[in-house]
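Peer 1: Sequence:
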Amino acid sequence: ASILISSPPSKPTQVPLWPEWSDQDINNEKWDCIPKTKDKIKSPSQAHLFFTDPEGMVLLPPSLSVAHTKRPHEIFGNTTPVVFDPEVVHMMDLFYFNEHLFKSETMRWIICEIQNLWLAGRRKANAMDAPEGITVDYVYHWQPWTHIYAITKVGKEPNVPQYNPYGKYAVKLFWMGCWRKVIVDDQIPFDEDSLMLLPQSRYAHELWPMLLTKALLKIASLENRSSETIWDYLEHYLPVWKRPDQTGSNTESHVDSSQMVEHVDKPVVNTSKEKKESGKEKTKDKKGEWTI
1 ASILISSPPS KPTQVPLWPE WSDQDINNEK WDCIPKTKDK IKSPSQAHLF FTDPEGMVLL
61 PPSLSVAHTK RPHEIFGNTT PVVFDPEVVH MMDLFYFNEH LFKSETMRWI ICEIQNLWLA
121 GRRKANAMDA PEGITVDYVY HWQPWTHIYA ITKVGKEPNV PQYNPYGKYA VKLFWMGCWR
181 KVIVDDQIPF DEDSLMLLPQ SRYAHELWPM LLTKALLKIA SLENRSSETI WDYLEHYLPV
241 WKRPDQTGSN TESHVDSSQM VEHVDKPVVN TSKEKKESGK EKTKDKKGEW TI
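Under UniProt numbering, the sequence shown has 35 at position 35, and the numbering climbs by one with no breaks.
If you are wondering where the hints come from, they were derived from the structure by calculation, not from laboratory data. Think of the CB as a built atom: it goes at the ideal place given N, C-alpha and C, for glycine as much as any other residue. Among the hints, erroneous ones may be present.
Said to hold, decoys possible - Within a straight-line C-alpha distance of at most 27 Å, the following computed DSS-like cross-link-like pairs (lysine-lysine) qualify:
| no. | residue 1 | residue 2 |
| --- | --- | --- |
| 1 | Lys70 | Lys30 |
| 2 | Lys181 | Lys70 |
| 3 | Lys156 | Lys30 |
| 4 | Lys103 | Lys153 |
| 5 | Lys124 | Lys153 |
| 6 | Lys124 | Lys30 |
| 7 | Lys181 | Lys30 |
| 8 | Lys172 | Lys156 |
| 9 | Lys156 | Lys70 |
| 10 | Lys103 | Lys70 |
| 11 | Lys172 | Lys153 |
| 12 | Lys30 | Lys153 |
| 13 | Lys124 | Lys103 |
Claimed, not checked - Pair ranges (Cβ atoms, derived):
| no. | residue 1 | residue 2 | range |
| --- | --- | --- | --- |
| 14 | Leu17 | Val136 | 36 to 42 Å |
| 15 | Glu55 | Asn116 | 36 to 42 Å |
| 16 | Met176 | Thr80 | 32 to 38 Å |
| 17 | His90 | Asp193 | 19 to 25 Å |
| 18 | Tyr138 | Leu173 | 23 to 29 Å |
| 19 | Leu119 | Leu195 | 37 to 43 Å |
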C-alpha cells in the first residue's frame with residue numbers, strides 16, 4: 001500500500017561508504033524477501049513482503065515536497081512494470097513527463113545529463129548493428145539502464161536488468177575513485193497533487209529513470225549546502241517566464257514595459273564629458289587661466 005509521509009527525512013549524519021562493485025557479490029545477492037515458512041506465497045503483494053531500503057527514504061531536493069509513496073504495482077495496475085522496454089530503447093525521452101521537476105536544479109541536472117550522455121554516445125548504424133527485420137538509424141553505446149541490476153546473473157553478455165517484484169535493485173555508480181554498489185528500493189515518491197517526484201520515461205511502465213535517479217540522489221544528498229538556495233532567493237528578483245499560451249498580456253512581467261520604453265526614449269548623456277568639463281573649471285587659477 002502507499003505510504004503517507006508525515007515529515008521529510010533528514011540528511012545522513014554519517015557518510016555511508018557503499019561497497020566496491022563486485023560481479024560475484026551481485027551474483028550472490030538475495031533479491032527476494034521471502035521468510036522461511038511452510039506456507040506457499042504466490043506473490044510479494046499478497047504477503048506485503050517488499051524490500052525497504054535500510055538507509056531510509058532517499059532525500060529529495062528541498063523544492064520537492066513528498067506527500068506519499070507508492071510501489072510500481074500500485075501505479076501501473078494491470079500493466080506489468082519493466083526496468084526497460086527493449087522495443088523502445090532507441091526512443092529515450094526524459095522531458096515528456098517531467099516538466100514539473102524542472103523547478104529543481106538538481107533534477108534538471110540529472111535529467112539533462114542522462115539525456116545528453118545517451119545522445120553523445122550514439123553513432124550511425126550499419127547493416128551489422130540492426131537485427132533482422134528491424135531498422136535503426138543510430139546505435140547508442142551508453143545505455144543508462146545497464147547500470148541497474150536485479151535477479152539476473154552478471155556474465156560476459158550485456159546486462160539486461162529484470163523487474164523485481166520484491167522491489168530490490170543494485171545500481172552501479174562510479175564514486176570516490178571506484179565503481180560501487182548502491183542498493184535502492186522501488187518506492188516512488190509523489191507530491192500532494194499526485195505528481196511523481198522522480199524522472200519518468202515517456203513510456204511510463206519503465207522503471208530505470210526512477211531507480212537510477214534514486215541512487216544518484218543518495219550521492220547528491222551528501223552535499224551539506226543546497227545549490228538550489230541561491231536560485232530560490234534570486235527567483236523573487238528576476239522576471240517571470242511563462243509559456244505564451246499561459247500569459248495573459250505582456251505586462252505580467254516584473255518589469256513594466258512602459259517604464260522600459262520611457263527609459264529607452266530618454267536622451268543619452270555623456271556623463272564622462274560633463275565630469276571632465278567640471279574638472280577643468282576647478283583647475284582655473286586666480287587669474288582665470290587654465291592650468292595643466
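Peer 1: Take the hints in turn and mark each one as holding or not.
Peer 2: Going through the hints against the structure:
1. Lys70 / Lys30: 23 Å, holds
2. Lys181 / Lys70: Holds, at about 24 Å.
3. Lys156 / Lys30: At roughly 21 Å apart (the allowed maximum being 27 Å), Lys30 and Lys156 satisfy the hint.
4. Lys103 / Lys153: It is violated: about 39 Å lies between the C-alpha atoms, which goes past 27 Å.
5. Lys124 / Lys153: Violated, because 31 Å separates the two Cα atoms, which is more than 27 Å.
6. Lys124 / Lys30: Not satisfied, since the Cα-Cα distance of roughly 40 Å exceeds 27 Å.
7. Lys181 / Lys30: 14 Å, holds
8. Lys172 / Lys156: The hint holds at about 16 Å.
9. Lys156 / Lys70: 35 Å, violated
10. Lys103 / Lys70: The given pair, whose Cα atoms are some 22 Å apart, holds under the 27 Å limit.
11. Lys172 / Lys153: Judged against 27 Å, a Cα distance of about 14 Å means the pair holds.
12. Lys30 / Lys153: 12 Å, holds
13. Lys124 / Lys103: 35 Å, violated
14. Leu17 / Val136: 36 to 42 Å: 41 Å, holds
15. Glu55 / Asn116: 36 to 42 Å: 29 Å, violated
16. Met176 / Thr80: 32 to 38 Å: Taking Cβ atoms as reference, Met176 and Thr80 lie about 36 Å apart, which means the hint holds.
17. His90 / Asp193: 19 to 25 Å: 32 Å, violated
18. Tyr138 / Leu173: 23 to 29 Å: For Leu173 against Tyr138, whose Cβ atoms are near 25 Å apart, the range 23 to 29 Å holds.
19. Leu119 / Leu195: 37 to 43 Å: Violated, since Leu119 and Leu195 (Cβ atoms, about 26 Å apart) do not stay within the stated range.
Violated hints, listed in ascending order, are 4, 5, 6, 9, 13, 15, 17 and 19; each of the other numbered hints is respected by the structure.
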